[in-house]
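K.L.:
So you can see what is in the structure, the chains are spelled out below.
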Amino acid sequence: MREIFDSTVERLFVDLVSTDKVLTAETLGWNAELWAALEESGFGLAAVPEEQGGAGATWAELGGVVRLCGRFGLPLPLPETLLANWLLGVCGQEIQAGPLSFAAGGQLTLADGKVSGLAADVPWGRDVPVLMGITAGDAPTLVLLPVEAAATRTLCSNTAAEPRDTFCFEAVQPLLSAPLPTGIPADVLLLGGAMLRSAQIAGALQRILEMTITYANERVQFGKPIGSFQAIQHQIAVLSEHTAASVMGAEAAFAQSAVSLSRLAVASAKVCASEAAGIGASAAHAVHGAIGFTHEHALHLTTRRLWSWRSEFGTLTHWSSELGRALCQGGAALFWPTLVAGHLETPAGASV
Amino acid sequence: MSIDQFKYSRIPPEAEALRGEVRQFLADALKDYPVIRRADSWMGFDEEFSRRLGARGWVGMALPKRYGGSDASPFARYVVIEELLAAGAPVSAHWFADRQSGPQILHFGTDAQRDRHLPAICRGEQYFCIGMSEPNSGSDLASIKTRARREGDKWVVNGQKVWTTNAHRSHYMIALVRTAENSKRQEGLSQFIIDLSLPGITIRPIKDLTGSEHFNEVFLDEVVLGADALIGTEGEGWSQVTAELAFERSGPERFLSSIALIHTLIDAVGRSPDALQAKEIGRLAARLVTLRNMSLSVTSQLAAGENPAWAASCVKDLGAVFEQEIPELAQLLVEIPPTAEGGRDHARVLAYLTQMAPSFSLRGGTREILRGIIARGLGLR
Chain A
1 MREIFDSTVE RLFVDLVSTD KVLTAETLGW NAELWAALEE SGFGLAAVPE EQGGAGATWA
61 ELGGVVRLCG RFGLPLPLPE TLLANWLLGV CGQEIQAGPL SFAAGGQLTL ADGKVSGLAA
121 DVPWGRDVPV LMGITAGDAP TLVLLPVEAA ATRTLCSNTA AEPRDTFCFE AVQPLLSAPL
181 PTGIPADVLL LGGAMLRSAQ IAGALQRILE MTITYANERV QFGKPIGSFQ AIQHQIAVLS
241 EHTAASVMGA EAAFAQSAVS LSRLAVASAK VCASEAAGIG ASAAHAVHGA IGFTHEHALH
301 LTTRRLWSWR SEFGTLTHWS SELGRALCQG GAALFWPTLV AGHLETPAGA SV
Chain B
353 MSIDQFKYSR IPPEAEALRG EVRQFLADAL KDYPVIRRAD SWMGFDEEFS RRLGARGWVG
413 MALPKRYGGS DASPFARYVV IEELLAAGAP VSAHWFADRQ SGPQILHFGT DAQRDRHLPA
473 ICRGEQYFCI GMSEPNSGSD LASIKTRARR EGDKWVVNGQ KVWTTNAHRS HYMIALVRTA
533 ENSKRQEGLS QFIIDLSLPG ITIRPIKDLT GSEHFNEVFL DEVVLGADAL IGTEGEGWSQ
593 VTAELAFERS GPERFLSSIA LIHTLIDAVG RSPDALQAKE IGRLAARLVT LRNMSLSVTS
653 QLAAGENPAW AASCVKDLGA VFEQEIPELA QLLVEIPPTA EGGRDHARVL AYLTQMAPSF
713 SLRGGTREIL RGIIARGLGL R
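As given, the protein sequences belong to chains A and B, one line each in that order.
Numbering-wise, my numbering puts 161 at position 161 of the first sequence, and it's gapless, one number per residue.
Position in the second sequence (from 1) plus 352 gives the number in my numbering.
Hints were generated in silico from the structure; no laboratory data involved.
The structure presented is a predicted model; accordingly, all values stated were derived computationally and were not measured.
Every residue gets a Cβ at the ideal spot worked out from N, C-alpha and C, and that includes glycine.
Honestly, I wouldn't trust all of these hints.
[To be verified] To give an idea of the interface, some chain A residues facing chain B are shown, with a C-beta separation under 7 Å as derived from the structure:
no., residue
1, P129
2, A244
3, T317
So here's chain B without its partners, still in its complex pose (with noise of 0.2 Å):
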């Protein structure tokens, strides 16, 4: 690591270009969409939207033209996610494929689960979740305990995960599992493509504590898998995995969580703010332009093909932290209390991101978890 990696990245102009036509298309697409249902931002799910912006060519846009994709930069698709983002758009159906499973089939997939998923994926139809944690196996994920046997050319699939967004409206799930009987920690863990319509699946959505579903328990009762949902290598799970971490963690949704509190609040504040106003409304959006900055100079080491595991774990925590300060800030610069029901859009919002906030520093890593990545990164051991 060095702290040297985070150099100034501009986006490239034949990126920025796009900009203005992904505003268009959703000043449109979201004439009527409540302010309260973008604060969910980019754990709204519309079905509907991710085929329209399937069709727009915005979804699995970075991958090949052969697979449906458009060859776009790395840039080009940070565009368009952070104009989706900043719009509060309903992005979470497509997401996880758009980010980290259509990517990983594209990288460690066959030809021909290449050719099920990544056409399909980018027209906004076919939805991934990630199957990672287990009820005893949170940030301690080498501690996984589900388990894929083989039989003949089949393998058989047992255990359970939980905290799974959107499996109850995904058609797939990447999990990750041990293959090897009696194998340790990291070693022995593979990856399947699990089709979750499948017999012996059951999921049950979690209630979280604003009362909405987007996380689930997943059960597999000898759910039986044929040879090709294996993906990448066997044995190889723990470092496809990691691979993954660095595009999961440095992303603007790692930052952009609560931006519709921000924007209901300059609304309430109005254009007049008082000095406590202006100061920390100033000092968010100081603090976003320079994480967006940061976010910008990962997905360029990105583009080059380097491994910027740290600094992506520098970007979402400290985006992790300012996420959580919006609704704190938003709370005491107006007299406003939060409602749950009823009251100004303002009032709602704010109700909403202060019972999401806890999960901005769980998701994708705890707080704790990424400080010791870090930490061992600066090479304290």
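The following block holds chain A by itself, in its conformation from the complex (with noise of 0.2 Å):
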């Protein structure tokens, strides 16, 4: 399955997603005809389980497809539809028709069947009817909450221009609620946007190595090619490595995940991925000079990507710690078998 879905996701966005198309999503914001065409893709469907109405595609299956979404800075919430239908098959739940969005930050809790505080930095938040929260306290709950229900709203942005919006809602009543089974942690939404984003870094870094190398081996300085240059090739070397590096711990998160996400798996993706989204970025505007910090090249439209992703669900320094902890806490003799073994327990008082 694997192969299929990378190879339709790919001539899918060679022929959708251009780059003048990424461009006027950044001034022009949310592209109907291209999410229509996504949606009848069936792609926002695929991990959900196929007596609930997905494909029932595994992560392992579908981390491919994620990270096209990052080599193509696909300016539109696919990856995060994907995890909430999941999230909702997970819980027994039907599926939702439509983009969908989730907030991993703020605090929502809920009384009385009504949902109530804020739903921050949710990705397009403002231009999917529908957002999924997972309230705080004893029970954690899986809610459906309408945007437009929300009393208050604050549009922001990241470096990408892709929205990040943060909703107040009072004692609102929410579309659909069902409690965490039990073994889905109460931060699964951050867990799994860092799982997504992961993904989307290694795709994106991948973007930038081809044009960089492309770039490298085209610019002509002191008669001859850039990239003929040591000092040039160690930075694209580097850039490699990290690329390499990132896809590695994307793939891994991804195999790793089933029912349950891989905690240990993801931490050690995004927090690579985090790492080299830095570094590669500065290689790749490196090598291209001038020119790279210029509208007039695209290399803007992945490194701008790349700037905000990496610290979106959770930074490098929010995953290294929770790593970091967890391992200080079971003691030197168990570093090296936990790792091995690839689990780690979710931390004591993990919330949204």
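Join the two chains, each given in its own frame, into one complex according to the hints.
P.N.:
As structure tokens, this is what we get:
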């Protein structure tokens, strides 16, 4: 399935997600036509079990799809929709048609069947009719909220002009509420978001690696392509190493995640990807010189995404600190066995 | 090359099943083994330990049964060696034979060479060193000058090798030497299995900056070898050597050299790390997890008969940066200065690995050579 998914989505994106489309979306916003085409492809529901109307695909099969979203800079919440529908499936709920997004930040509470509080930094929040959240407290509950019911909204965009909006709800009747099943941590949306971004970063790094190699082979200075200079070659080598590490991290995170997401693999992936994003973007800009710093060249479409995605759904510090605390708690003797087993306990008090 | 070479590769259950057994063996065999010696990792030399491992079938295990191996999968070998390294077991005596010489003799050797060497390698009794670098040929390996000339049915070798790890404690050296008169660069090179007890060979250990003696200079003065010392094909030495490199550069020894220091660091930090300690220890863990997955991915490509030389270079370069950063972090996360003698385990391991760390990006291919290989693989010329 993996190869079919990858090639299908790549063909779709080559046709539909041109550099111009990405650029236009940054100024004109939501591209309904593009979303309609994606919806037709069915990938938003891919991770939902077949009996619930999805394609029953595993995360292992979908890692490449999310990576391609990053590689092309898809200006739509396909990864978010994929994750939200997956979680609906895990909770035994009906899937939702249309684009979905979710809040991994802020704090929502559930009282007398009504939801109040903040849903923070929601990707494409202003553009989706419904967002998913998980309420805080002893019995974390999955809720779907109508975005239009928010009492206030604060519109923000990340460095790539992708909407990241915050909504305040005051005693809103959720469209749906369902207790999280046992084994699903309260911060599953943060964890899932980190998994998505680690793959998107890996894809974006692949893109800038290709662009940088091409540029270095074409740009001539001192009578030869700059790619023949050792100083340039070594910077690109480092970019490729970090690209490889982020691809590997994301592949492992998706491969080891099923009904429960692998906390250790996802945290490792997001740490490596977040680090790689900064190092990679810096190397790509160094090689591209002044032209890469302009709107005339497409490099910025990818690097501006990297600079935001690395901070979203937990920074390098968030995830490495969680890993570090858990590993110190276990002591030196358990350090290696824990990494090999690939299993990390959900820390007490993990919350949205 | 392609980034997509890095596919996730799970260790198969039958290989994974070995892990418990290896851990149990190590818990017993290394019960009283001092922490500072664990920091030696794959540079620790202990013949008795190598023989014990051989008796368990864990040396040369990927070699065929008829030569004393166990036809084990590369993943089974991986499980064994990564557990040995993580525990800081002294594996250096048999390491090069297990990793390189054994597979090479199997691949390029004659039946007689296989019979002479492989069973003894598998018993953990016959040790090899790799004779590549020379005083004027470090990174520029193709410029080597050590020569073998034909005399009747014999070969006579003259020249000098240097930085030869374990030469003073090994039985054989597989040396790359020039066999064609006036041959240029990569042409006219051949490999020989040289018995280090032969007349004309002088081995002088070189003290490294920790004061240890791991590597040597080896002088070869009119050393007479039988025709059967040649391994593989005369004149094909360069391609034989480069075929080894993916094996040499992608293994867990390329990122586990400093793991003893992570262990003592966690001990020194205690169960409740502060914010910086938690962040940096977690960051090391995340990178270690990813490097291990990359290394396993290369292992599966090797197992499938591919030549992942590019991917292996990525693992080695990233691995060396990682290993070298561990002492840098360890010295700033806790207020325990390094001690060359006396002091607590963490202080001693910190002192030792801080001084070892410069070698991590030299041995097995320097950082600059690796990045050059990676760049060429990317299509930069």
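K.L.:
Hints the structure violates: just list their numbers, smallest first.
P.N.:
Result: hint 1 breaks, nothing else.
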